[in-house]
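*Asks:* The primary structure of each chain is shown beneath.
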Amino acid sequence: GNSVTQMEGPVTLSEEAFLTINCTYTATGYPSLFWYVQYPGEGLQLLLKATKADDKGSNKGFEATYRKETTSFHLEKGSVQVSDSAVYFCALSDRGGADGLTFGKGTHLIIQP
Amino acid sequence: DTAVSQTPKYLVTQMGNDKSIKCEQNLGHDTMYWYKQDSKKFLKIMFSYNNKELIINETVPNRFSPKSPDKAHLNLHINSLELGDSAVYFCASSQQSNQPQHFGDGTRLSIL
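Listed in order, the protein sequences are those of chains E and F. 1 is the number of the first residue of the first sequence in our numbering; add one for each residue after it. 1 is the number of the first residue of the second sequence in our numbering; add one for each residue after it.
Hints listed in this document are in silico derivations from the structure and should not be mistaken for laboratory results. The reader is advised that the hints may include incorrect statements.
[Said to hold, decoys possible] Beyond 10 Å from chain E on every Cβ pair, some chain F residues (computed):
#1 S20
#2 K41
#3 K44
#4 E53
#5 S68
#6 P100
#7 H102
#8 G104
#9 D105
[Said to hold, decoys possible] Straight-line Cα separation of at most 20 Å, EDC-like style, residue types lysine to aspartate or glutamate; simulated pairs:
#10 K41/F with D84/E
#11 K52/E with E42/E
#12 K22/F with E8/E
#13 K40/F with D54/E
#14 K36/F with E15/E
#15 K9/F with E42/E
#16 K41/F with D54/E
#17 K9/F with E58/F
#18 K68/E with D84/E
#19 K44/F with D54/E
#20 K44/F with D84/E
#21 K77/E with D85/F
#22 K40/F with E42/E
#23 K41/F with E69/E
#24 K105/E with D84/E
#25 K105/E with E82/F
#26 K105/E with E16/E
#27 K77/E with E8/E
#28 K52/E with D38/F
#29 K52/E with D105/F
#30 K49/E with E16/E
#31 K9/F with D30/F
[Said to hold, decoys possible] Listed below are several chain E residues computed to face chain F (Cβ distance under 10 Å; list not exhaustive):
#32 E42
#33 T51
#34 K77
#35 Q81
#36 V82
#37 S93
#38 L101
#39 G104
Because the structure is a prediction, the values reported are computed rather than measured. We treat Cβ as the ideally placed atom computed from N, Cα and C, and that holds for glycine.
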């Protein structure tokens, strides 16, 4: 079956630090990959996506590259802000989305001023 | 203007009761979903509907019954609530099943 593995949190960084949140996946097909963000008390928002190998998704300074050879989709940001504090979920959609989204367990990111 | 709206936002009730959570999307999407998020923030798909037809039904107890009166609505009815049903339930929608999903703000269900 499909699965997504993310680094365990919480991850605590100082403002302006470089961020990496690791994500690896296993899938039976050729999945689309997503990062979603959940701010406190809110639903999930799509942060970025990639649908094929070597695609780079980017949004709000965040980037992630679809690496088929390492089955990874690591999230990066060059300089984090306090407002980036949230829970980040890596997810995949396989078989044309027929199975819905498979999520990782989420990484709680805390940015300190 | 809310794209995916769920009601109620909070639901506190006693074990054994029956309750419903409503979901509506105004995006014109064809596919709607229900997810359960447990206390450790883990999200798992429960159901998926495409144009009012069920396409995913994960290993969810029969006490949970989704109902889609039209493609803009997917309601979740839960019978005989149990302590383990306490969670945040999220509704989502997408244009097609392989497109990014838009989520509601969630319904926090607490069973006393």
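*Asks:* For each hint given before, does the structure comply? Return the numbers of the non-compliant ones in rising order.
*Replies:* 2, 3, 6, 7, 8, 9, 11, 12, 13, 14, 16, 17, 18, 19, 20, 21, 23, 25, 26, 28, 29, 30, 31, 34, 35, 36
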